[in-house]
Amino acid sequence: CALFKGKLNIDVDTIQHGVEGLMYLLTESSKLMISEIDFQDSIHALGFSEELNKSLLQLYLDNRKEIRSILGELSPRLPSYHSLEWRLDVQLASRSLRQQIKPAVTMKLHLNQNEDHTARVLQTDPATLLHLIQQLEQALGEMKTNHCRRIVRNMK
Amino acid sequence: QRFRFCGDLDCPDWVLAEISTLAKISSVKLKLICAQVLRDLLGEAMEYEKILKLTLDAKLELGDVKATIAVLGFILSSAAKHNVDSESLSNELQQLGLPKEHASGLCRSYEEKQSSLQDSLRACSLRLSLLRSVHWRVDYTFSSSELQEVNEPLVHLTFNVQNKECGRTTAVPMTLSADKFQVLLAELKQAQTLMNTLL
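Protein chains in written order, with full-length UniProt numbering: chain A, 1 to 156; chain B, 1 to 199.
Same shape as in the complex, but just chain A:
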């Protein structure tokens, strides 16, 4: 801001408002994904020179995609899967009982939520693990039913 102030001889507040105004114009236009004609009509009402209108339109068209992708990432997010560490152990003996064979799977589920990394530790026996896998495969299988296929087709 100070650099522009020196070169254009306008005070800092005006420049800041100008930048904010430009930001608002571009984000709102990108958010609504308005067509060229609509954009031109909208800024025409501001009464700028023809050359300025053309540069604003070009600026909008060049940066529209990137602005949309950044705006897409601003929506609130639930924790999402990052990675899974696991280990398979077998308990052979304890203080109270010897000669055991007790397998257990220990997992550390790494989750991501807006740059926040958390981890949850879970432990299960093989039977529950198989049940878990079966449930998840059933959930994936839902995508192949007619109901889901119809909706996906209509969304495209």
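For the record, the hints were derived by calculation from the structure and aren't laboratory data. Note that the structure is predicted; figures quoted are calculated from it, not measured. For each residue, glycine too, the CB sits at the ideal point set by N, CA and C. A few of these clues could be false.
[Stated by the list, open to error] Reference excerpt, derived from the structure (chain A facing chain B, CB under 8 Å, subset only):
1. Arg68
2. Ile70
3. Glu85
4. Trp86
5. Ala119
[To be verified] The list that follows gives simulated cross-link-like pairs (lysine-lysine, BS3-like), each with its CA atoms no further than 27 Å apart:
6. A:Lys108 x B:Lys29
7. B:Lys113 x A:Lys102
8. B:Lys50 x A:Lys102
Based on these hints, arrange chain B on the given structure of chain A.
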């Protein structure tokens, strides 16, 4: 088709796609790049500038260089994970289309570092907590406010346990009378005997 170095599963598509990129580099330079990737996998610093210099002749773009490092890292760590011997790895890589000299160079680097790689992978396997150290002290209680002549030994124990989730080490202190300490020691010795039968 199933590959041992992929854990008896199909080879991932992205690995297949990058084999042709690996073939563009000369086999000698590929072996040197392997050495750098192995350094990174073993926890030492990888010299990225050297890799960039080695890939200069093959005229690889920056994206291709990164892909090369990624695919070499995958092949080497996955082969170590599934305990694949150097010769089988060479055969499987040739089946994927990697030229013979490239495959043998890669596998020679792998063979040298296979056991260190497996040790390193073993060390970073999932672990919830780790006993760092044990400190002890034996005191002798002469007297207390309850009883004039106590005359009993007392053991102070501190276990320093590191929580693998946050990396913090917590101290777990405790005091034990002589009898309790004998019981603890006997139980731990039983557990140790059981562990020794498995080694």
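Hints, one by one, checked against the model:
Restraint check, Arg68 of chain A versus chain B: the minimum CB separation of about 24 Å is more than 8 Å; hint violated. Annotation: interface hint on Ile70 of chain A violated; nearest CB of chain B at approximately 22 Å, more than 8 Å. At about 4 Å, the closest approach between the beta carbon of Glu85 of chain A and any beta carbon in chain B falls short of 8 Å, and the interface hint on this residue holds. Evaluation of the Trp86 of chain A hint against chain B yields a held restraint, the C-beta minimum of about 6 Å falling below 8 Å.
The restraint placing Ala119 of chain A at the interface with chain B holds, with a minimum CB-CB distance near 6 Å, inside the 8 Å limit. Distance check on the hinted pair: Lys108 of chain A and Lys29 of chain B sit about 39 Å apart at the alpha-carbon level, beyond 27 Å; violated. A distance of roughly 35 Å separates the Cα atoms of Lys113 of chain B and Lys102 of chain A; the hinted pair therefore is violated under the 27 Å criterion. With a C-alpha separation of about 50 Å, the suggested pairing of Lys50 of chain B with Lys102 of chain A is violated against the 27 Å cut-off.
Consistency with the previously given hints fails for numbers 1, 2, 6, 7 and 8, ordered from lowest to highest.
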